[in-house]
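Peer 1: Given next are the chains, with one letter for each unit.
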Amino acid sequence: MAHEEIRNLVGQLAETSTDLYQGSFLLTWMQSESNLKAVLLAAEALQKMARAGVSSKLFDTGLGISIFRDKSTRTRYSFRAACNMLGLMTEELDESTSQISHGETVRETASMISFFSEVIGIRDDMFLGAGHKYMQEVSDSVQESYREGVLFQRPAVVNLQCDLDHPTQSMADLRHLIETCGNLENLKGKKIAMTWAYSPSYGKPLSVPQGIITLMSRFGMEVVLAHPEGYDLVPETLEAAKKHAAASGGSFSVAHSMEEAFSGADVVYPKSWAPYKVMEKRTELLMARKHDELKELEKHALAENARHKSWECTEDLMKRTRDGKAHYMHCLPADITGVSCQEGEVAASVFDRYRLATYREAGHKPFVIAAMILLTRFEKPADMLKACLDNVVARRGCVKSLAAR
Amino acid sequence: MAHEEIRNLVGQLAETSTDLYQGSFLLTWMQSESNLKAVLLAAEALQKMARAGVSSKLFDTGLGISIFRDKSTRTRYSFRAACNMLGLMTEELDESTSQISHGETVRETASMISFFSEVIGIRDDMFLGAGHKYMQEVSDSVQESYREGVLFQRPAVVNLQCDLDHPTQSMADLRHLIETCGNLENLKGKKIAMTWAYSPSYGKPLSVPQGIITLMSRFGMEVVLAHPEGYDLVPETLEAAKKHAAASGGSFSVAHSMEEAFSGADVVYPKSWAPYKVMEKRTELLMARKHDELKELEKHALAENARHKSWECTEDLMKRTRDGKAHYMHCLPADITGVSCQEGEVAASVFDRYRLATYREAGHKPFVIAAMILLTRFEKPADMLKACLDNVVARRGCVKSLAAR
Amino acid sequence: MAHEEIRNLVGQLAETSTDLYQGSFLLTWMQSESNLKAVLLAAEALQKMARAGVSSKLFDTGLGISIFRDKSTRTRYSFRAACNMLGLMTEELDESTSQISHGETVRETASMISFFSEVIGIRDDMFLGAGHKYMQEVSDSVQESYREGVLFQRPAVVNLQCDLDHPTQSMADLRHLIETCGNLENLKGKKIAMTWAYSPSYGKPLSVPQGIITLMSRFGMEVVLAHPEGYDLVPETLEAAKKHAAASGGSFSVAHSMEEAFSGADVVYPKSWAPYKVMEKRTELLMARKHDELKELEKHALAENARHKSWECTEDLMKRTRDGKAHYMHCLPADITGVSCQEGEVAASVFDRYRLATYREAGHKPFVIAAMILLTRFEKPADMLKACLDNVVARRGCVKSLAAR
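Residue numbers (our numbering), protein chains in the order written: chain A, 344 to 748; chain B, 344 to 748; chain C, 344 to 748.
Be careful, since some hints might not be right.
[To be verified] According to the in silico footprint, chain B covers these stretches of chain A (three or more CB under 8 Å from chain B):
id: 1; segment: 392 to 401
id: 2; segment: 414 to 421
id: 3; segment: 699 to 705
id: 4; segment: 728 to 738
[To be verified] The calculated DSS-like cross-link candidates involving lysine-lysine, where the alpha carbons are at most 25 Å apart (straight line), are:
id: 5; chain 1: B; residue 1: Lys723; chain 2: B; residue 2: Lys380
id: 6; chain 1: C; residue 1: Lys723; chain 2: B; residue 2: Lys400
id: 7; chain 1: B; residue 1: Lys547; chain 2: B; residue 2: Lys585
id: 8; chain 1: A; residue 1: Lys414; chain 2: B; residue 2: Lys414
Read the hints as simulated data drawn from the structure, not as lab findings.
A quick note: this is a predicted structure, and the numbers were derived from the prediction, not measured.
We treat Cβ as the ideally placed atom computed from N, Cα and C, and that holds for glycine.
Isolated chain A, as found in the complex:
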């Protein structure tokens, strides 16, 4: 029965036309709705195959390279799990032990790590205006090397978080909403509050809120963004959210308090981020290596943050949501008041009630990344999954499966 359900998903995938093959996955707003739906279907199929113990090892050999320019637990392991479930061996490019410091250019490195690679996953979220550009350059470089015959295959570049978007997070969040609400259609008209929340740190990337407002507005949701004055997002993402809402029959609006945003919400996503202007200044100072001024900026930003400690997801606020039972979401780790910090983004009792739900939310990420690799690297991804179902190899105890042939 599990298999029937998976075959049904694979059938739907076969009917969803995409142009992802031989490309990269950088920003969700660069992708057609059809591409996004294909990722969602493939992710669900892969997840159900994993649960049913069916192997999805479609590569006999090949590498998946990751480049992390910022810390990561969830995304790092999700990328590795995604590569592994498809049969790719992972390697992390540690820029400090490579010769990148010896004057190697981006396009050179991109080719040098790609001779046997099918995917390059990159996290580069610290520098505003730089992360996405870097990924685009890597993608253009492997494209050139493939076109010129230097590479025998064209590795996909998958954005594991940049300055603009965090598509593997937002797509995993969307998968979670679909599972929670039943199906994608059900999201129409549902209200989601993406709000700033207080954290005793500064400089958190903008990519999560930007990813959420641009993606959820595409599927008819009522998206409300709320943050204290000055904590603006990159303008281009606000524009995209407006455009998407208009096209999908949803809405996008900006509120000025958590109270307003939470009122009647079906879903809440309270999370800290740095003001756009602070990130801009920080990028400038980091690049100029002005350490004293950076400290000054941090001091100033933390003081500014501290003025908004009331932006906390409390039980009282939760009561304002639809029936007092909105779905709470977070990309983790959350700053939990009295647990991981003195005062934070969310009250301990609220977080605890949704703790396992946030783990489930995170659990979609490996399959979303695997879906992106599957769709960029195989011309007929549905045929591939069908072959896995037709010739079941048990993920565990595979020797027995092979013997049964």
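Place chains B and C on chain A using the hints.
Peer 2: For chains B and C alone, kept in the frame of chain A given last:
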């Protein structure tokens, strides 16, 4: 013929009932004798399969995660080899590049790295009273996440050395003794001297001597522990050794000199460790980050150590053992007088005579770890090994094997 | 048709007798011409199999260990790709997290990381007189442990760059020349200029120029070495180049200017390196940890380098080569004037014209390394490749291939 011998072992394994499936392997004294025997049988079968070139790749995909909170060569590579021989891809959780510092809790991290993982190997041996607790918490967390459907499989936690025990070492040592003495029965009545020895360093974990006295006393050996005054082990492990000796018909006693312990011994295991009280103090100071007091403690402990330089495994001491030919054991690396230090645990001529034997001793570890993974992750491990033997895939040249079908 | 071409190569390989099985690959001049030809044939076959999408996964399980004592991008990824295409999982020995600092000997470590390993790749190029010796010691140690039954298989040690040679680079360069010139025979009589070039750094290893002059002189090329006074290579390599040239009907000579070396050259390889005497002094000071004197040496060496800024591969120099169209080669990364540094080894316009060609040159390395592993680890390597061609498993979409059986 090699295959007949392996089939015989697999047959014995099939008749050995265990409750290891879906659990963790943390302390040998938490395991039944039957569980331990099953690990020994499976380890031997896997080793003989490796020697015969028979693949034991039972996982088509899946991850094995390691967390090393202390340095390691042997155990790190043994864990990786163990995962690889079963088909798991390994990843090491580097806590400095993860978001663990950002307020992530242990139970959260445990789930985040487990979505596609079958085993988590942990070394945490620096803090007395902390290592085992941490592993237990990780094990409880993945158990909860599995029960709640967050994880599709329940990764085993394997103790790669904690503050109390070093089960992959002691079980490998036991495998070595079995190979050396012929079989497990033969160990009955054999005398093993686990003695302290001088080393020009301090703060070595207690887990090896604790692991040895608690394990070898279960199989009828005459276990003698010897150390200078003050170099006590954790009381709970002495209690366990006494209880085991009483139950197995062996004995456990404490001697006060190497001379006494070595007299008539069949096996000697001279190795340095820190006094329990020093480790307690060290843990306290490390946690409080009192660096000056730590230096003071080290100075004091080294001075205390230096009073016991005569605790060295010399040729004269070896002559006191049974026929002057006791088996010398060490977990490596040994502090060899005149080779790796000026004055150390063992005389160069003694070590050199047993050097290759200590390598063989170490060589059991990959198979012991693989056996622990096999038994915790498969409900019918003997059936799995039988399937490997029925459908031989050559570890090298596997394409040819497949072709031959 | 691709397959016919590969079968032809495999047929030639079957007829090329080698003594590489169960050995290591350390210096090209320790290898017979027949061994080198076998590596070239196997590398070409493996490359064409990769291009045709045919899997060459010949190991079902097994590890490939790398030890990098210097930075690396290309070689690190090439080694990993090579291991992966044959089915080996890679692990990097990080000496800082192992117990090597705790008095472990080289021969002990060599065995400890080898219980399930098929190959150990080592880069150790910083210390003149040390790198090759270290690799030889590792090779001797695993040989002893294999002979004594400690190891069940004999891992090959592959030199990923030492103080004397860089065989995976020079063999990849030779593959590039063969592809560029049509075949190995065509290299006879072709002039290759291996010349020093200015770089704003010091202490670059000598292994590339030494590897080139010793290897290319074996196949009848007219090898010309040119460098400023004092930038000598290790004498033993000059001797080898002379001897090879005499035997192969080629020539080896030393010129005193780039102009002279480039005149009429078919191939140019302008690249910086440190003077032999400076490397000797540097090794001595590094080992004695004399940091002040090291700084003094660097200052002096950079000043000396700066006297030779005219040693740059310019358009004018290129015009002196055969028809002004010599093949430009570099092991990358190159110091490109105005791109990666103010003044460097090569003019930007020259490099840009050959940029993709240098990528292709680098692209041979994974296959050369894989060929070395194949030939050292399989007694009948041609039979293995033939089995891959007889039972084609698609590298991508392998589930479908298996299904088709």
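Peer 1: Go check the segment 414 to 421 of chain A versus chain B for me, would you? Three or more residues, Cβ under 8 Å, otherwise it fails.
Peer 2: holds (count 7)
Peer 1: How does the segment 699 to 705 of chain A fare against chain B when you require at least three residues with a CB closer than 8 Å, holds or violated?
Peer 2: Since 4 is at least three, the answer is holds.
Peer 1: Hint check: lysine 723 of chain C vs lysine 400 of chain B, CA-CA at most 25 Å. Holds or violated?
Peer 2: holds (24 Å)
Peer 1: Please work out if lysine 547 of chain B and lysine 585 of chain B have their alpha carbons no farther apart than 25 Å.
Peer 2: holds (24 Å)
Peer 1: So is the segment 392 to 401 of chain A in contact with chain B by the C-beta rule, three or more residues under 8 Å, or is the coverage claim wrong?
Peer 2: holds (count 5)
Peer 1: Mind checking the alpha carbons of lysine 414 of chain A and lysine 414 of chain B for me, to see if they're no more than 25 Å apart?
Peer 2: holds (22 Å)
Peer 1: Are the Cα atoms of lysine 723 of chain B and lysine 380 of chain B separated by 25 Å or less?
Peer 2: holds (15 Å)
Peer 1: Do three or more residues from the segment 728 to 738 of chain A put their C-beta atoms closer than 8 Å to C-beta atoms of chain B?
Peer 2: holds (count 3)
Checked against the numbered hints given earlier, the structure satisfies every one of them.
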